[in-house]
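**Q** Okay, here's what each chain looks like letter by letter:
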Amino acid sequence: GAGVSQSPSNKVTEKGKDVELRCDPISGHTALYWYRQSLGQGLEFLIYFQGNSAPDKSGLPSDRFSAERTGGSVSTLTIQRTQQEDSAVYLCASSSEGGLGNTQYFGPGTRLTVL
Amino acid sequence: AQKVTQAQTEISVVEKEDVTLDCVYETRDTTYYLFWYKQPPSGELVFLIRRNSFDEQNEISGRYSWNFQKSTSSFNFTITASQVVDSAVYFCALSDHTGGFKTIFGAGTRLFVKA
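Chains A and B are the protein sequences, given in the same order.
For the first sequence, the working numbering assigns the number 76 to the initial residue and increments by one for each residue that follows.
For the second sequence, the working numbering assigns the number 223 to the initial residue and increments by one for each residue that follows.
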C-alpha cells in the first residue's frame with residue numbers, strides 16, 4: 076500500500092483478555108518496528124523485525140507481549156492477559172532497510188483501552 | 223549513553239511568530255543520524271528531516287529550518303512565521319550504532335499556535 080496501515084484503529088477490551096494488533100508495512104519495506112506511546116508521553120520502543128526475524132526484542136515490557144511477522148510483510152503484536160497499564164497507542168513503523176539511520180514511516184496507530 | 227533531550231515540554235506562540243524547538247542529544251558514536259517528526263492531533267507521526275553526523279550544513283525547507291551543531295550536540299528546529307496548522311507535538315530522534323536497530327525518541331515538545 077501507499078503507507079503503513081494498522082488495524083484496528085481503536086480497541087477496547089476487558090482486563091485479562093488477549094488482543095491482537097495488526098500492522099501492514101509499506102510494500103517492499105524489509106524493516107518493521109513496534110512502539111508504544113502512553114498518553115502524553117514519548118515513544119517507547121518495543122520490537123524490531125528485519126524480514127521475518129526479530130533481532131531486537133529488548134523493548135517488550137513482559138512475557139505477555141509477543142510479536143510475529145510472516146512473509147516479510149504483515150506483523151501482529153499480541154498482548155495476553157491485558158492489564159490496565161497496557162492502555163496506550165501502539166504505533167507501527169517500517170523502513171526500506173533495517174540498520175543505522177534508515178527513515179521510519181509510521182502508521183496511524185491502534186488506540187488500546189483496557190477496562 | 224544514548225539519549226535525546228527535548229527540554230521544552232510545551233510552547234505556546236501567536237500566529238506569525240517564529241519559534242525554535244530545542245533538541246540535545248548524547249552519543250559516543252561518530253556516525254549517527256538525527257531526525258525530526260511531527261505528530262499532529264490526528265496522531266500519525268510525519269517524517270520531517272533526517273541528518274547524518276557528517277553533514278553539519280543547516281537546512282531550510284519552506285518555513286522550516288534546522289540548525290545542527292555538533293559542538294553543542296544540538297539539532298534545533300525553527301518554524302518561521304508559525305501557523306495554526308503547525309500545532310502539533312514535535313519529536314527529535316537519534317539513531318546510532320550503540321542503539322543497534324533502535325531509534326531513540328525524545329519526549330516531544332507540544333507546540334500550540336494561536337490565531
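If you're looking for bench data, these hints aren't it; they were derived computationally from the structure.
Remember, predicted model here, so these are calculated numbers, not experimental data.
Hints may be right or wrong, so weigh each one.
Selected chain B positions facing chain A (in silico; Cβ < 8 Å) [what the hints assert, rightly or not]:
hint, residue
1, 272
2, 295
3, 310
4, 313
5, 327
6, 330
The list that follows gives simulated cross-link-like pairs (lysine-lysine, BS3-like), each with its CA atoms no further than 27 Å apart [to be verified]:
hint, chain 1, residue 1, chain 2, residue 2
7, A, 86, B, 260
8, A, 132, B, 238
9, B, 225, A, 132
Glycine included, each C-beta is placed from N, C-alpha and C at the ideal position.
**Q** Could you tell me which of the hints above the structure violates, numbers in ascending order?
**A** As far as the earlier hints go, 2, 3 and 8 are violated by this structure, in ascending order.
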